[in-house]
Amino acid sequence: MSSAASTAETDRFEQSMTHVHAGGYALELRDLRKSFGKTEIIRGANLAVRAGERVAIIGPNGAGKSTLFNLISGRFAPTSGEVLLNGTRIDGKKPFEINRLGLSRSFQITNIFPKLSVFENLRCGVLWSLGYRYTLFRFLADLDDANNRAEELMHMIRLEKKRDTLAMNLTYAEQRALEIGITIAGGANVILLDEPTAGMSKSETSRFIDLIREVTVGKTLLTVEHDMGVVFGLADKIAVVVYGEVIAFDTPEAVRANPKVQEAYLGSVLADEQAAAVGH
Amino acid sequence: MSKTHYEFKPWNVGRWIIWSLFALVLLVAPKLFTSSLSVTMLTQMGIAIIACLSYNILLGQGGMLSFGHAVYTGLGSYMAIHALNAVSNGSMPIPVSLIPLVGGVAGLFFAILFGYVTTKKAGTPFAMITLGMAELVFAMSLMFSEFFGGEAGVSGNRVAGDPFMGITFGPPIQVYYLIAIYTFVCVALMYAFTRTPLGRILNAVRDNPERVEFIGYNTQIVRYLAFMIAGFFAGISGGLAAINFEIVTAEVVGAARSGGYLLFTFLGGATFFFGPIIGGVLMVLASVLLSELTKAWLLYLGLIFLFMVMYAPGGIASLIMMNLRVASFGRLREIWVSYLALGVTALVILLGAGAMVEMIYHLKLDAAMGDTVRYLGMELNAKAASSWFGAVFVTLTGLGIFELARREYSRQWAAIQTDIEKEIKRRETQ
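Sequence lines, in order, name chains A and B.
FYI, our numbering numbers position 179 of the first sequence as 516, with every residue one higher than the one before it.
FYI, our numbering numbers position 142 of the second sequence as 440, with every residue one higher than the one before it.
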């Protein structure tokens, strides 16, 4: 089984690499649209993210950032338009199909397995990618590769001491870390993090950003984030979403200088932050 | 990948001891309880344990509330009794001891058939569909009397085929040991299931089906596979019942039977693997002993279920585990007086309320037999104000003191839990 597992891993890796070379983009959105009833929430979004880039998606509340993630990850099917993962179309596919193609996501509201221990949460996250699927005739305890990988992840997210604690009994910050752990567990090379630091204190946030940077080395990362300090510290590129469209997608410096962005969103946010800083 | 500090001993000593004890209990139980009623009950307990555990694969492990589990135990029973008759008339050359497997295969087959539709949905729609399936099968059982035997059911004779080493399955004790072996193997297999990747992902589907979709799993397939496994073991249980009773009637696929599995699995405790074993034992105790004791047994059962759902939703197993936790921190002896007080006052309430229930049942059902009710050695006049006054007085007094005892107990319990939490935190930071 372990050879099958490693083949699956290699397959996923090679598949992504060939596509990266062929198309050049790890994730691409082409004129993506989504309506709920008569209301169009995503109105022709375009985005092309290269493999290994860290992209922060910013925008005012209700701009459609989370909806965009839901469309990419398969939670909702788009009304029209295309989503390409490593050159393969994934729009309209089910979440588990998209996940198997190498895209994984976290959620804004913590979404873990509350009655399973930290270790079990992570082990569940690795099983499919190691090729164990719906295995019935092997014991979990004997799956060395899965167990080692889960231990490794637990180490990475610094929850070794909480190994056997039920996820529901963790602190909020620990649950957020576990959420990230589950997200990266399957070895996906495109990671979507939806407001990973929401609800955290300043000091927790900065530690958490270090953690995210650490665990996503070499991966393509898209993250929705409100904290501008975090955005400018973490991201190689910033995508600004306003009213369901990507109005700018560039390096942090270029985005900061972009008058369109200033007008639509960033000006007010930066002014607020500066005012807050002066106030302190 | 190098092996990190993770070490796991799948066959550790504790597990050997528990499984050996379980085998020992199965082995010596009929030597300790030798009356024919005891052997009958022990036999039925084995059957009920397998049925409740198979039901818990759905309820406790998969979060699937099924209202139609009797479909799979029942159809297993029917296929088994037909197989038994085929063995009897020589058209099927298999030993009687393998007939339960015929039931298992039947259970599996119908789970594959019906489960395909049922497991397309989770949550409330799942529960509704199982209810519909159960009604459907019950209605069919009345229509196709060639297979279901109509009102009389289908009967068979388990003394069939060639005896193996003198085992004919004529004497009940031989049937007991057959069922004990099946019980041990099925319990072990169902426990093993909880230790497999599929078993664990099933827990994940129970906890958070949405998240499971984002780690690569199709939750519908997970539910479907679990449903099949539950159906297989349910069918084995049904097959054993067919051998034991030598008759199968339409009630075995009925809603009451399905409700029974739900009720007793819940009472035993769906959150722990061993909970349904307790549930299976209780199921037989209630339906054989309690039903002998009083006509109002279903009412008492309903009340117990009600209180359990409200105050101990984890069932008896969770009560045991919570107290074991307290004991492991050496704090159990602080609350045993409270337990004694709770127990005694609960008995007082039961005494008073029981008297009222028995009098009502007597007035409604046995009024022709006079006004006197025999209750725990006393004679109560069901129409006399004094009996009612006495019963109400005892109940209210019991309730009053019980409430006092309960408050004291809650206070102690909360204090102990706080201390334990602190202790756990302290150990973690060390």
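Do not rely on the hints blindly, as some may be mistaken.
The list that follows gives simulated cross-link-like pairs (lysine-lysine, BS3-like), each with its CA atoms no further than 30 Å apart [as the list claims (entries may be wrong)]:
id : chain 1 : residue 1 : chain 2 : residue 2
1  : A       : 539       : A       : 431
2  : A       : 375       : B       : 593
3  : B       : 723       : A       : 539
4  : B       : 662       : B       : 593
5  : A       : 498       : B       : 723
6  : B       : 418       : A       : 431
If you're looking for bench data, these hints aren't it; they were derived computationally from the structure.
Outcome of the hint check:
Only pairs whose Cα atoms come within 30 Å are accepted, and residue 539(A) paired with residue 431(A) is rejected, the gap being roughly 36 Å. Taking the CA atoms of residue 375(A) and residue 593(B), the gap is about 62 Å. The hint is violated against a cut of 30 Å. Of the pairs offered as hints, the one joining residue 723(B) and residue 539(A) holds, with about 25 Å between alpha carbons and a cut-off of 30 Å not exceeded. The suggested pairing of residue 662(B) with residue 593(B) holds, with an alpha-carbon distance near 11 Å, which does not exceed 30 Å.
Simply put, residue 498(A) and residue 723(B) have alpha-carbon atoms about 11 Å apart, close enough for the 30 Å limit, and the pair holds. Of the pairs offered as hints, the one joining residue 418(B) and residue 431(A) holds, with about 15 Å between alpha carbons and a cut-off of 30 Å not exceeded.
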